[in-house]
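Chemist: Starting from the given sequences, assemble the full structure and let the hints guide the process.
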Amino acid sequence: MPPDSTTTLGTPGTEATPGTAAQPWRHRGSPAVASPRKRMDWGRFLPLAGPIALLIIWDLVVRLGWIKPILLPPPVDTLLTLINGMTSQVLLPHFLVTLERTLVAFAIATAIGMPLGIALGSNERAYRSVEFVIDFFRSTPASALIPLFLLIFGISNINKVAIAAFGAFLIVIFNCAYGVINARKQRVAAAKVMGATRWQIFKDVLFWESLQPSFVGLRSAVSMALVIVVVAEMFIGSENGLGHKIIDAQQVMNVRVMYAAIMAAGILGYALNVAFLALEKRIVHWSGR
Amino acid sequence: MTEVLNGPVYADTPKPPFRPGPAGTHITIRGLTKYFAGWPLYENFDLDIPKGQIVSIFGPNGCGKSTLINMIAGLVPIDSGEILFDGKSLKDTTIGYVFQNYREALFPWMRTIDNIAYPLKLEGKSKAEVDRRMEELVASFDVKFDLNRYPYELSGGQQQTASIMRALAPKPEVLFLDEPFSALDFEMTLFIREKLQEVFIQTGTTMMLVSHDLEEAVYLADQVLLLTKRPTSIAEILHYDDPRPRTVATLTEPTFVATKKRSLEVFQREVRR
Chain D
1 MPPDSTTTLG TPGTEATPGT AAQPWRHRGS PAVASPRKRM DWGRFLPLAG
51 PIALLIIWDL VVRLGWIKPI LLPPPVDTLL TLINGMTSQV LLPHFLVTLE
101 RTLVAFAIAT AIGMPLGIAL GSNERAYRSV EFVIDFFRST PASALIPLFL
151 LIFGISNINK VAIAAFGAFL IVIFNCAYGV INARKQRVAA AKVMGATRWQ
201 IFKDVLFWES LQPSFVGLRS AVSMALVIVV VAEMFIGSEN GLGHKIIDAQ
251 QVMNVRVMYA AIMAAGILGY ALNVAFLALE KRIVHWSGR
Chain S
1 MTEVLNGPVY ADTPKPPFRP GPAGTHITIR GLTKYFAGWP LYENFDLDIP
51 KGQIVSIFGP NGCGKSTLIN MIAGLVPIDS GEILFDGKSL KDTTIGYVFQ
101 NYREALFPWM RTIDNIAYPL KLEGKSKAEV DRRMEELVAS FDVKFDLNRY
151 PYELSGGQQQ TASIMRALAP KPEVLFLDEP FSALDFEMTL FIREKLQEVF
201 IQTGTTMMLV SHDLEEAVYL ADQVLLLTKR PTSIAEILHY DDPRPRTVAT
251 LTEPTFVATK KRSLEVFQRE VRR
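Note that the protein sequences, when read in sequence, are chains D and S. As numbered in this note's numbering, residues 1 to 289 make up the first sequence, in order. As numbered in this note's numbering, residues 1 to 273 make up the second sequence, in order.
Hint data in this document are derived by calculation from the structure and do not stem from the laboratory. Treat each hint with caution, since some may be false.
[As the list claims (entries may be wrong)] Here are the simulated DSS-like pairs of lysine-lysine, each with C-alpha atoms no more than 30 Å apart in a straight line:
id: 1; chain 1: S; residue 1: K127; chain 2: S; residue 2: K229
id: 2; chain 1: D; residue 1: K281; chain 2: S; residue 2: K171
id: 3; chain 1: D; residue 1: K192; chain 2: S; residue 2: K88
id: 4; chain 1: S; residue 1: K144; chain 2: D; residue 2: K281
id: 5; chain 1: S; residue 1: K88; chain 2: D; residue 2: K203
id: 6; chain 1: S; residue 1: K88; chain 2: S; residue 2: K125
id: 7; chain 1: S; residue 1: K144; chain 2: S; residue 2: K91
id: 8; chain 1: D; residue 1: K203; chain 2: S; residue 2: K171
id: 9; chain 1: D; residue 1: K185; chain 2: S; residue 2: K121
id: 10; chain 1: S; residue 1: K51; chain 2: D; residue 2: K203
id: 11; chain 1: S; residue 1: K261; chain 2: D; residue 2: K192
id: 12; chain 1: S; residue 1: K144; chain 2: S; residue 2: K88
id: 13; chain 1: S; residue 1: K229; chain 2: S; residue 2: K121
id: 14; chain 1: S; residue 1: K125; chain 2: S; residue 2: K229
id: 15; chain 1: S; residue 1: K260; chain 2: D; residue 2: K192
id: 16; chain 1: S; residue 1: K195; chain 2: D; residue 2: K281
id: 17; chain 1: D; residue 1: K185; chain 2: S; residue 2: K91
id: 18; chain 1: D; residue 1: K185; chain 2: S; residue 2: K260
id: 19; chain 1: S; residue 1: K125; chain 2: D; residue 2: K203
id: 20; chain 1: S; residue 1: K125; chain 2: D; residue 2: K192
id: 21; chain 1: S; residue 1: K261; chain 2: D; residue 2: K185
id: 22; chain 1: D; residue 1: K68; chain 2: D; residue 2: K192
id: 23; chain 1: S; residue 1: K195; chain 2: S; residue 2: K51
Modeler: Below you can see the structure in the form of structure tokens.
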């Protein structure tokens, strides 16, 4: 929690006694201190400035007629459409389907990619031998492979999950492998000197060392999975999902729903990112210390 | 099946007979050879480390002080030669090692107490045995900080104290210390130096200390091992046997001053050579 700096600064002059001055922090936030809250702490609202500015500009642009409402509906209408859509059958089922596909694809990518990446990373020769293949497919836009996957899996739910899992898998395997390869040599040395076997070094040191870079990979992987799922949902034959909804609304020029669906996809991506950051902070508690 | 089909074209030169060190030798190093990037760092290097003494290693930059203890501790592979601990190989010997960079030596995913207990767990000790040893260590180190915290929540000195406790937990035969004070502030350096002296008086564990501070090297040592520039050989071994516990007063004793002066002379001679 950020220290409430303005109230702390206001306190000593008004009522600090020698006894409390020694431990002023004890009183912070306690109701016993009747600190005059004349000035609001505006600092905490700073993150809201950007979105509010964006909405105002958006609104002005539409009001002044710079962009036709048929291309860009007013923000209030869009937000209402989003809220109504997310509480009804218009958007919510699509949102949930996209979320489910993303999470299933991500789970598959992690279940295969993480053990494989850690195993490859602990045997650098093995990693070097497959490095080109991984780097090549990692550099290939996964969306370019969607038609190929359509051929293999057909127009099905499996197709969307498979292609997303593939794209995410490459990111997971790459980050996990490099996490192990770049493990602090000294921690490995410390375990070795204590007489740890190769397996003990692997499970007690390398695995843990690789967690932090792995989490960076997992976070990018879940974003990648979402991107591919949404793109795949836009293809002909899709019946649901946010990608489908966006294309569908666009085809019939229902721009409000289109923008609302885009925002829903954005909210999903942002929420996944925040959730993973929180998870990372909990599990890799030593990161950055 | 006893016939050798593709025997060597030339015969191996027979190994020179093993020469044991004088009585009381703990670590015997014979014919140690190590090349770095094609250049010899150590060539046919022989050394005897006495049992139950502290040997400080001092020498010019890049002469391989740390490499020497790393080779003995098995962290750096040797090209040829033999290193024996009381006649045993490293595999059958329990050693402890304290790194300069404690931050990257402790495991931040384990609580400090689990870090210290880790070598005991590797040995497969039972929980009761581990707990008993932990209590002993905590008592002998007079630990004043919370060992249930994670290492990154402790100060540098506390982390290095924990590193030393971890190294000593399995009751090692030899304790290696690679510039253990270099990353600490002066107050912690003094504190941990005294702790080490106490531990040594209590246990008499053989210690090899790499130091870049001559005063500290002599203060703790029974022997100061002075090395030459590479290819590294022994410049001189100085004996310093003022009784322990050594104190601030020791630093002005004529014997201490003389040993330090002599070390510096040898060091300067070797640097200029």
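Chemist: Does each hint fit the structure? Answer for all of them.
Modeler: Verification of the supplied hints:
With a C-alpha separation of about 48 Å, the suggested pairing of K127 of chain S with K229 of chain S is violated against the 30 Å cut-off. Taking the CA atoms of K281 of chain D and K171 of chain S, the gap is about 36 Å. The hint is violated against a cut of 30 Å. Distance check on the hinted pair: K192 of chain D and K88 of chain S sit about 18 Å apart at the alpha-carbon level, within 30 Å; holds. Using a Cα cut-off of 30 Å, the hinted pair K144 of chain S and K281 of chain D holds, with the two alpha carbons roughly 29 Å apart.
About 29 Å separates the Cα atoms of K88 of chain S and K203 of chain D, which keeps this hinted pair within 30 Å; it holds. Annotation: proposed proximity of K88 of chain S to K125 of chain S holds, straight-line Cα distance about 23 Å (limit 30 Å). The hinted pair formed by K144 of chain S and K91 of chain S fails the criterion: a straight-line CA distance of about 35 Å is larger than 30 Å. With a C-alpha separation of about 24 Å, the suggested pair K203 of chain D and K171 of chain S falls inside the 30 Å cut-off, and the hint holds.
Between K185 of chain D and K121 of chain S, the direct Cα distance comes to roughly 21 Å. Compliance with the 30 Å bound is thereby established for this hinted pair. Restraint check for K51 of chain S and K203 of chain D: not satisfied, since their Cα atoms lie roughly 35 Å apart, outside the 30 Å limit. Restraint check: the Cα-Cα separation between K261 of chain S and K192 of chain D comes to about 38 Å, which exceeds 30 Å; the hinted pair is violated. At most 30 Å may separate the alpha-carbon atoms for a hinted pair to count; K144 of chain S and K88 of chain S exceed this at roughly 38 Å.
The straight-line distance between the Cα atoms of K229 of chain S and K121 of chain S is roughly 41 Å, outside the 30 Å bound, and the hint therefore fails. Between the alpha carbons of K125 of chain S and K229 of chain S the distance comes to roughly 44 Å, so the proposed pair goes past 30 Å and is violated. For the proposed pair K260 of chain S and K192 of chain D, the alpha carbon gap of about 35 Å is over 30 Å, so the pair is violated. Under the criterion of a C-alpha separation no larger than 30 Å, the hint pairing K195 of chain S with K281 of chain D is inconsistent with the structure, at around 36 Å.
The hinted pair formed by K185 of chain D and K91 of chain S meets the criterion: a straight-line CA distance of about 21 Å does not exceed 30 Å. For the suggested pair K185 of chain D and K260 of chain S, the alpha carbons sit about 35 Å apart, so the restraint of at most 30 Å is broken. Annotation: proposed proximity of K125 of chain S to K203 of chain D holds, straight-line Cα distance about 18 Å (limit 30 Å). Proximity of K125 of chain S to K192 of chain D is assessed by CA-CA distance (about 18 Å); at most 30 Å being required, the pair is judged to hold.
Our distance criterion of 30 Å between C-alpha atoms is broken by K261 of chain S and K185 of chain D, whose separation comes to about 37 Å. A C-alpha spacing of about 69 Å is found between K68 of chain D and K192 of chain D, which places the hinted pair above 30 Å, so the restraint is violated. In summary, the hint linking K195 of chain S to K51 of chain S is supported, as the alpha carbons are separated by about 20 Å, within the 30 Å threshold.
In summary, the structure is inconsistent with hints 1, 2, 7, 10, 11, 12, 13, 14, 15, 16, 18, 21, 22 from the numbered list given earlier, while agreeing with the others.
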